[in-house]
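S.K.: Read top to bottom, the protein sequences are chains A and B.
For what it's worth, our numbering labels the leading residue of the first sequence as 1, then goes sequentially.
For what it's worth, our numbering labels the leading residue of the second sequence as 1001, then goes sequentially.
These are calculated hints, taken from the structure and not from any lab test.
Here a beta-carbon is modelled for each residue, glycine too, at the ideal position from N, C-alpha and C.
Heads up, a few of these hints could be off.
Pairwise CB distance ranges, derived in the manner of DEER restraints [as the list claims (entries may be wrong)]: (1) 305(A) - 1062(B): 40 to 48 Å; (2) 1243(B) - 315(A): 51 to 59 Å; (3) 1142(B) - 310(A): 55 to 63 Å; (4) 1182(B) - 38(A): 48 to 56 Å.
Some chain A residues flagged as far from chain B (calculated, every beta-carbon gap over 12 Å) [stated by the list, open to error]: (5) 31; (6) 114; (7) 410; (8) 460; (9) 496; (10) 544.
Some chain B residues well away from chain A (every beta-carbon gap over 12 Å; in silico) [what the hints assert, rightly or not]: (11) 1065; (12) 1075; (13) 1147; (14) 1156; (15) 1182; (16) 1190.
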Amino acid sequence: MRYDPPLHKTQGLVPLLIALAALIAYPFVFEATYFRHVIILAFVFAIVATSWDLSLGYGGLFNFAHVGLFAVGIYTYSILAKTLGFSPWLSILAGGGTAALVALLISLPVLRLDGIYVILVTIALSQLIYFIVISWSDVTGGTSGMVTLPTLKIGDYRLSKDGRIGYYFVGLGLLVANLAFLYLLTRSRLGRAIVALRDNKYYAIARGVSEARTRALTLMASAVFTGMAGAFYAAYLRVASPDAFGIGFLTVLLSILLVGGTGTIWGPVIAAFVISVLSEWLAGFGAWQNIIIASAIILVVVFYPGGLWAAVQELREAVDALRTSLLARWRRREVRAREDRLNAKERFIETRHGLIAIADTGDKGKPALLFLHGNSACKEAFYKQFHAFRDMYRVISFDFPGHGVSSNGDPETAYNIAAYAEIAEAVLEDSNVADVRVIGWSLGGYVGLELAARANVEVQALAIAGTPPLNQVPIDFGRGYNPDSHLVLASKQYFSRQEASDFGNSATAPVSEDSAFLHRNLRRTDGRARLYMIGKLGIIDWPRQMRMLSQGKFPFALLSGSDDPFLNHDYIARLRYGNLWRGIPQDIPGGKHAPFFNKPDEFNMRLLAFLHDAERDRGDEKENTREIDREIDRDPGLGH
Amino acid sequence: MDAATLSSVLQGGIVLGALYALMATGLSLVWTTLGIFNFAHGAFIALGAYIAWQFSSVDAWGLPLFPAILLTLAVMFAVGALMYFLLVKPFERRADVVLISVITTLAASAILENGLLLIWGPRSKQIPSLGSGEVALGQISLATSEIILLALVLAILLGLGLFLRYARPGRIMRAVSQNREAAELLGLNVPLYFAIAFGLSAATAGLAGVFVGTIRFMNPEMGTEPLMKALIVVIFGGVARFSSPLYAAFIIGMLEAFSIYVLGLYWAPAVLFITMIVVLLLKPEGLFGNHQRTL
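Given the sequences, and given the hints that come with them, work out the whole structure.
M.R.: And the structure:
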């Protein structure tokens, strides 16, 4: 399931409103008419490029007739408004209508073809429209085109007055309407069907997406605003000429689309402004203008296929990584508060994956407990266990890289379950712990399983909370979890304020005096840690974990909350375990995803009982092993 | 339509057909071996014409025409191979190579055309004619230049066909186009043969450009229309065999000549594009095609 919140809940809203406000304020601040003209053209380019992106980028339809659709809009306006004397405003709307109609005709051959043939047939159709336009000179004016087209008026006010300010706002309005249309469309059922057909045609068809209807609607939807933009363009320049079909216009549009990034709405919008300004600036260089734009296209395709939008994303990621890293560094100074909360010493060790913060009660004589925290949490989440278990055990926990006050790691290598298990080994080695009882929560549960499966340290007992063990990823992911929860946020790179509090509430506890520090810590987490951890689930040998559990070499307990919003308890109960404590999952009544935090007493009681039983079992097992050894001594065949 | 008109229409159709055959062969050579369409093919046509002009015109270096044509072919071969290494090879393994190569070759076409404009300027030029005078064949008289053109085109296409059929590099190119992986497993240098295919394609485009340049005035956009015609021919005939674009070229040439006569200069292209769309709809693999693409 894809997490896709509405616009007003994402972080995109504020930049979008700022950009809109800037565009509205612009003509009142700057009077220069020529540059205003460039921006009006940029509006038109942005509309045509984003609409094209719907079929080319989102739909994966190699539609090269888009320039033809634009020209259809131009000529619809010219013929209706000038020759037939219709209202110019209605003619603009009609431009969208005829373009959609032509798109429907184009879709007929497109439906029968695939790949390069779609390119060829759309080019042929666009050429056909071109030759009809220049041949039908009685109506279209042929090669010389049509001039002195009617201008747009509101009452008696001509929009070209006051430095074309009227056209500026009509263009802006059209762009906003176009973007809203595309945004809503891409998020609708149809939009998802369009993308599904692109990504996996046969699977989409098998799931009930009608290819013919979807393709036809894609082309029509991408034509509507293109036609209107063409009509607006004609009304603005007041000429219609067959130059609109030219390779130059196609190249500019293609460069906007590619530089902006296909398959996104906002990239081409940004690129439309950049390229329009650039191309106006280059206009003085004559033939060099096209050479430079064409070279830019090639360079982008070769070196930066994601385009400008990918660059924006990379910049955002770099800023966010810097923010979280500085925040972690800053919070390292609050060592006193953390040590007081845990009543344990904090120290730092340098590992392969960066600087790791360890909390350790440090009683060398006592058996060691290692607590592993969950996604976007920190070691202090276990402070109630630090207090409850410190008398009998040595309690250790640490912050994963990108979490708490550990440093950010290299996302490619440090942010995955295997790396976390490796760090756990380093932490235990640094603590001089030879055998350990591990308690893993959520993501930490998988780290615990992996740590045990790697068998580099001796895990004497393992308890996991809020973690469904997985056998096949990603199939079991769908089985083990409840998809209706905020779980989808677990892999989301950037949290808005709302999402951070949603995830914090579901994963730990609603904000209260007790849990405020967890919510405060959440925003420090490196967003890449969430993204890469999920992305790299595939590197883990999941069946090895499951084999280990079914062999039951060590006592294993499931201590999830009974009201855990993320888990599918039935799935967890159905799995085969070789040595499950008390034979069934021990749900903490009323416990949520962090039962050790919101039901600490019940959790601690069970955990203590489990640790005791584990100790006793191990004693029994040693005897068992001795018995087996004796058996083997008697019958050497058993040893094989 | 009287006999004289008919013969002149036929004559025009045959010359057009020969030119289209040359252009379409180059286009389909790349399509069959690499599986992509080269939209810079039109720019290659223009480039070939300008290079030949540079070598042969008395205003430039003033070489005799035929050595100039040979030099042009060599230069065009190099340009084509270079283009393959710069604009196609980097993406060969990507899933969306078809779309990317359309984009890069379109961009290359823009660069080449504007480069021509920068180097040689917008003034129209013409290459010296292939020959002068007329040859009378009974009632019909043919221009010597047209006969030379026809003979050259047929000789070159025949040579290319024999090369692909019997010569070792030609056979390797066919092997590479039929099964790239198998060819690689046999130790064949696939990129080299792709580059050769691209170079040969560019050379035939350049030659077509030379011929167009001897008939009409040259300008940097002179390749756009021939590119579209070549496209129509390739679609119409399919690329099942080396020869299928040849038949198609002559059919399309005739169709164009007759539509110009019947419908006028402006509507003729519309007829051709409608033909292309109809063929794409009814028989996307082309009139002479089967489903397999091979040389």
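S.K.: The structure should be examined with respect to each hint, and the outcome stated for every one.
M.R.: Evaluation of the provided hints:
| no. | hint | result |
| --- | --- | --- |
| 1 | 305(A) - 1062(B): 40 to 48 Å | holds, 47 Å |
| 2 | 1243(B) - 315(A): 51 to 59 Å | holds, 55 Å |
| 3 | 1142(B) - 310(A): 55 to 63 Å | holds, 60 Å |
| 4 | 1182(B) - 38(A): 48 to 56 Å | holds, 54 Å |
| 5 | 31 | holds, 34 Å |
| 6 | 114 | violated, 9 Å |
| 7 | 410 | holds, 27 Å |
| 8 | 460 | holds, 50 Å |
| 9 | 496 | holds, 33 Å |
| 10 | 544 | holds, 32 Å |
| 11 | 1065 | holds, 29 Å |
| 12 | 1075 | holds, 20 Å |
| 13 | 1147 | holds, 32 Å |
| 14 | 1156 | holds, 26 Å |
| 15 | 1182 | holds, 23 Å |
| 16 | 1190 | holds, 20 Å |
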